[in-house]
Amino acid sequence: MGRLQEIAASAAQQKRKLLIPYLVAGDPNVEASLALMHGLAAAGADVIELGIPFSDPASDGPVIQRGVERALKSKTTLTDSLELVARFRADNSDTAVVLMGYLNPIEIMGYEAFSDKARQVGVDGVLVVDMPPAESAGLHQALRAAGLETIYLVAPTTTDKRAQSIVEHCSGYLYYVSLKGVTGAALSDSDLIAERIQALRSMTDLPIVIGFGIKDADSARAMGAISDGVIIGSALVERIAGLSADAVPEAAQVEDICSLIALARQALDTLE
Amino acid sequence: MAEAVTENKGFDGPDASGHFGPYGGIFVGETLIDAVEELAEVYKELSADKAFWDEFNYELKHYVGRPSPLYFAERLTAASKGAQIWLKREDLNHTGAHKVNNTIGQALLAKRMGKKRIIAETGAGQHGVASATVAARLGLECHVYMGAEDVERQAPNVYRMKLLGANVIAVDSGSRTLKDAMNEALRDWATNVDNTYYIIGTVAGPHPYPQLVRDFQCVIGREAREQSLAQIGRLPDALVACVGGGSNAIGLFHPFLSDSEVAMYGVEAGGNGLETGEHAAPLSAGKPGVLHGNRTYLMSDEAGQILETHSVSAGLDYPGVGPEHAWLKDLKRVNYVAATDSEAMQAFHQLTRLEGIIPALESSHAVAYAMKLAADMKPDQSIVINLSGRGDKDIETVARLEGIKL
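Those protein sequence lines, which keep their order, are chains A and B.
The letter at position 127 of the first sequence is residue 127 when you use this note's numbering, and the numbering goes up by one with no holes.
The letter at position 58 of the second sequence is residue 58 when you use this note's numbering, and the numbering goes up by one with no holes.
Everything labelled a hint here was simulated from the structure, so no lab data went into it.
Computed from a prediction, not measured in an experiment: that's the story for all the values here.
There may be inaccurate statements among the hints.
As the list claims (entries may be wrong) - When the alpha-carbon atoms are kept at most 27 Å apart in a straight line, the in silico DSSO-like pairs for lysine-lysine are as follows: (1) B/Lys-50 / B/Lys-111; (2) A/Lys-161 / A/Lys-180; (3) B/Lys-287 / A/Lys-73; (4) A/Lys-180 / B/Lys-116; (5) A/Lys-117 / B/Lys-287; (6) B/Lys-111 / A/Lys-180; (7) A/Lys-73 / A/Lys-117; (8) B/Lys-405 / B/Lys-378; (9) B/Lys-44 / A/Lys-161; (10) A/Lys-180 / B/Lys-44; (11) B/Lys-332 / B/Lys-287; (12) A/Lys-75 / B/Lys-287.
To be verified - What the simulated footprint calls covered on chain A by chain B, stretch by stretch (three residues with Cβ under 8 Å from a Cβ of chain B suffice, anywhere in the stretch; the number is not a length): (13) 19 to 25; (14) 68 to 80; (15) 146 to 152; (16) 230 to 243.
Even for Gly, the Cβ is constructed at its ideal location relative to N, Cα and C.
With the sequences and hints as input, model every part of the structure.
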């Protein structure tokens, strides 16, 4: 069993909700990202989603776009993102790391080279936002051969038929997008979301986590109550935006930023 | 590179999943998949529906003013000292370019699908104007995304769109040009997918866009083929068209693909020269990758980041190209070449002075290459250039480059 599966299994056993913060690798520089990753783990993150900077993030809202632009300004590449994970792993073997990004940088590196490198540095799973299952055969095979989880999104617009095919491709956890739109938009009706999650449960035993629109402890608790965990992205990236581009953040700054995640952890831990 | 399905080996693409050889496909976020698949279904039905094409052809005839003439450019031919040069006059269409052929087709699709709100991306503003025009004609709400830098560079077209009732949204992210406008349009579509139709302006994007935009633009090549037989007495020896995303080129080329005696040249924007890296010529100097919903040739760096492009012509200033062109390049059916900014500028002036036709800077790239090509051919041979648009929109750019203040 891989690290991500072990984390999910033990969370399920302890009735603990998965807490998954997202940050962009190299936003505003790689040293800051490394400090933040350790800070997030200390604040109670089970999994860290690490965004790979891409020049054209067409599925992301303005907050994450700006984070990506800061990362590109610090010239952070896919190779740098992988090295960042290697450095994180030197001091942390408990927290899962999922790379999230767009296909082109992976395509240019080569599917097998990417998968091998990702496994070597201690990546646990990969989520490519612009690669639906129908186009995924080659990369999927390379990732699975390297023992990496392949995570997919299900959206409110996903038909049941498609959802069935997605869960067949998906491993690690299933990422349910809570709303129509891009990252960072406002959360919609939680009853509708709960209904959809119930429907997905009948298709898969994978943990189902909710992302898009979760910004604080209250929304984390509300979404955690109807799922197996939550992803917090834009709200965290918004806080990171305050860091200086050229400096390594001080411990107090890291703790302050990661307090968002610590509070979400507390809120989730009040749930049964 | 990719492993994608390669069922169609010929010119009859795309296959059922939207691939031209290894290119094309559907690479968008999950939120948009259902919308793209719905569009593919609807288009599949409508493309077999005679009433739909009758309505399309009626609009082309009475609203656009088709067929556009095939014109013998006698003095340009004399100046080139070689093959006869003929111009397919898409510049004479309503709104002044080939773009309207596609926007009419897609607006009719939007209407059939019951979508009241349309969005579009635009670079120079030609596709934005063509979208705003058909939106006005059909009473649809229209929002056009345009890079903030292009909004500044193309003020007359921005005002034209506003006059037509469109809302123009300046996009401030990324390089603030066409590719960023397309990113923003995709974000809008994902957010408003229930009531919104996205009119993509070229033969790129996720399946079925490369197919349906091509089908709407093929009127150019079908007319040119008939006109060649009637006016030249046989098929032309060569076709020449500029390639940005590649919609005017595919529109001209496609109906001739099986005519093996007809050579084809797609002319990309060579900018300051391919050797400088400052250009917009992914087929000539790029490599395959994935952007904006499809796999195709792209200009990207070693890390996979999309590069900023350069061309004197805003309409060619795009780092990707339609997937069918990528396939036609690999099949060696079409020759992809480049013309530099200065070659295009020179051709712009030559056509203007010799024929009294001011061409768009985009089309000037095709004129530049065709004149070189003609010189190496015999006087009894003939070349058809797709004169994809008129140059009124470019006169400020030309004046500025020549240090003249209007």
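Comparing the hints with the structure gives:
Of the supplied pair hints, the one linking B/Lys-50 and B/Lys-111 holds, its CA atoms being roughly 16 Å apart against a limit of 27 Å. With a C-alpha separation of about 19 Å, the suggested pairing of A/Lys-161 with A/Lys-180 holds against the 27 Å cut-off. At most 27 Å may separate the alpha-carbon atoms for a hinted pair to count; B/Lys-287 and A/Lys-73 meet this at roughly 24 Å. Proposed proximity of A/Lys-180 and B/Lys-116 is supported: the alpha carbons are some 18 Å apart, at most 27 Å.
Of the pairs offered as hints, the one joining A/Lys-117 and B/Lys-287 holds, with about 23 Å between alpha carbons and a cut-off of 27 Å not exceeded. In summary, the hint linking B/Lys-111 to A/Lys-180 is supported, as the alpha carbons are separated by about 23 Å, within the 27 Å threshold. At roughly 24 Å between alpha-carbon atoms, A/Lys-73 and A/Lys-117 fall within 27 Å of each other, so this suggested pair holds. Between the alpha carbons of B/Lys-405 and B/Lys-378 the distance comes to roughly 42 Å, so the proposed pair goes past 27 Å and is violated.
With a C-alpha separation of about 20 Å, the suggested pair B/Lys-44 and A/Lys-161 falls inside the 27 Å cut-off, and the hint holds. Distance hint between A/Lys-180 and B/Lys-44 is fulfilled; the C-alpha atoms sit about 26 Å from each other, no more than 27 Å. For the proposed pair B/Lys-332 and B/Lys-287, the alpha carbon gap of about 16 Å is at most 27 Å, so the pair holds. Among the hinted pairs, A/Lys-75 with B/Lys-287 is consistent with the structure: their alpha-carbon atoms are about 21 Å apart, no more than 27 Å.
With 0 residues carrying a beta carbon less than 8 Å from a beta carbon of chain B, the segment 19 to 25 of chain A misses the three-residue requirement, and the given coverage is violated. For the segment 68 to 80 of chain A, the stated coverage by chain B is satisfied: 5 residues place a CB nearer than 8 Å to a CB of that chain, which reaches the threshold of 3. Three residues within the 8 Å Cβ limit are the bar, and the segment 146 to 152 of chain A against chain B gives 1, so the coverage statement is violated. Under the rule that three or more residues need a Cβ within less than 8 Å of chain B, the assignment of the segment 230 to 243 of chain A is violated, with 0 such residues.
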